[in-house]
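*Asks:* Knowing the structure of chain A, use the given hints to seat chain B on it.
Chains A and B are the protein sequences, given in the same order.
All residue numbers in the first sequence are consecutive under my numbering, ending with 412.
All residue numbers in the second sequence are consecutive under my numbering, ending with 234.
No lab work stands behind these hints: they were computed from the structure.
All the pointers check out, no bait thrown in.
Taking lysine-lysine pairs in the DSS-like style, the calculated list, with each CA pair at most 25 Å apart, reads:
no.	chain 1	residue 1	chain 2	residue 2
1	A	Lys401	B	Lys114
2	B	Lys141	A	Lys9
3	B	Lys114	A	Lys9
4	B	Lys223	B	Lys19
5	A	Lys137	A	Lys43
6	A	Lys403	B	Lys19
7	A	Lys9	B	Lys139
8	A	Lys9	B	Lys122
9	B	Lys178	B	Lys141
Chain by chain, the residues run as shown.
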Amino acid sequence: MRWTTLAWKNLSGSWRRAFSVGSFTFFAGLFMVCFICFIDSVKTNMENAVINALAGEIRLAPAGAEEEDIFSLSGSWEDTGSLTKEEIDGAEQVIKEIISPVETVKRVRHNVLLISDTGETGAMILGIEPHATAYRKVLSLRAGRYIEHDYEVILTETQAESLQVGVGDILGVLAQTKAGYNIDSALTVVGIGSIDLLNLFGYNVAYTDLRSAGELLGLAEGEATDVIIYTGNPARATEIKTQLAASLTGHPIAVTTWGQTAGFIMGGLNFLSILYSSFTVILLFIIGVLLTNIISMTLLERRQEIGTLRAIGFSRWRIAWLFLLEIALLTGFFCLLGVGTGSGLVLFLGRRTLEIPPPINYFTGNHFRLIYNPVRMLPVIGIICGVTLAVAFFPVYRAAKVKPVELLQEKN
Amino acid sequence: MAIVELERVTKDYALGQTKVHALRGIDLQIEEGEFISVAGASGSGKSTLLNLIGGLDSPTSGVIRINGAPINHLRESQLNRLRLQTIGFIFQSFNLIPVLNVYENVELPLLIMKEVSPQERKERVNHFIAAVGLSGQVKQKPYELSGGQRQRVAVARALVTKPRIVLADEPTANLDSKTGLEIIDLMHRINRSEETTFIFSTHDAKIMQRADRVIYLEDGLIKPDGSGRNEDRP
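Excised from the complex, chain A in its bound form (with noise of 0.2 Å):
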């Protein structure tokens, strides 16, 4: 007979009390997958709509330039400068040389007024070339289309709705370009849709084509306010800014990644995993109360097994030991049923588009999708059957320290 031989009969020998313990783990488990599975689809999915909508994984913008917080609304956009085309021609083939980019867009970035029949209302344009499809990922669109051509403009919902307008009419657009001169123009609005999962901050903004924000601000052919790459791993933003800057050293041009771009944004990200983390340690230290009240009274309905050992020459860490190896075998099976069905249903629900009803959407958008990452369960086990093992170390420790005489004496 082996030690975990002996600690798995004991376990099986009362299954009862075994199950009473093992339901908490199973359910710390199963709480836990589910639980860190939303907050990591949520925290991937609004990265997701951050770095496709606006931020790109890295951004080359003019040197100087000091808005880094997209979201800050000081100053003016337009305030931040621009890059000439020779400067966006040397950074490509720099850029070119040390990765290759899954997409890089050139863009113009402006506030302009838009007015239609009906009324008119301030907005931020972002000018994009025709062929940029990053942005398409996350923009849902509700009528029409994306930008194909010059002389486009997808407005979002609240603009559309304040505009009166729909797809297929024309707004006039009043703005003011960067030598301080007041010029108008028209576009189309092709399509009608918004980034749902930026909605919660106040992300307000019209994609037009590259030409027609160009010229609104007053820029020359070629010319853009910034330019955002995507190279298909937002992880090695950092790394591959580290590279870029050390490459364009000499030209006038900051690189930065999509985390300091939108770090408002990554600041309620932030927020989001604090949240989780709260929420963990208060419910590991409410299992943590119950086990130690379980455990203390299973080993109490054990005292005269620990006298008998105690008696027949096994020392008190020995008794303390097989405890611990029991308990452990138990949070161990428990903990890993309950990730196994934690993940099962994150997989099976993973599997479809949710729909969401407001007030979550603000969260997860209209359409949320779970998604699963098994290396982030590895934590998840080790947490649990370390907090189980913690909280059973006290009550096994003291009733293994008990004068066997006592506790052979209680029923003898």
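*Replies:* Coordinates of chain B only, in the frame set by chain A:
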């Protein structure tokens, strides 16, 4: 040299505000291979005496020597070792582990005897299970056995470490008189074949008669004529 020696041993318990004098100054010598009964009424100090000899409890005063060495001030680990290697215990309520079968219950103390190889462990367990006549029940759990059979398992468990002393606290109290006598006779046979010293407590006169010597306890003291030899035992 006596294998067990007690010198002016006292044991007091605090029972609320009251102090109970369980043993009031016991002097006792037990030779190796003896088959001894400790007799006396309930509360006379029989269990306390056995617990002290077994190192399960410590005396208030006096000296207890096992094999010539005092055990009063042994460290916890040394007492564990003493109980494992030198002393075997048999309890009134058998105290078997309910989830383990006969073989596993007997094997249990050997799990912590590192000096016993797995092969020797197996041989010893089978030998003592056969010695108590339970070779046909090795796979059975305690709840599948009769009271007498359970106590036989407890006897085998106590003997499997080859202790020099076996302490049995009222081993027949939970058995009918016929089964009780069978258990005592079994213990006596093993006492002779293995030369193991047996000290058991009882208040059953028939059981006492099986002992080589009976020690009578009364109010925590050995009666003046209470350590005599049984001349009429079978």
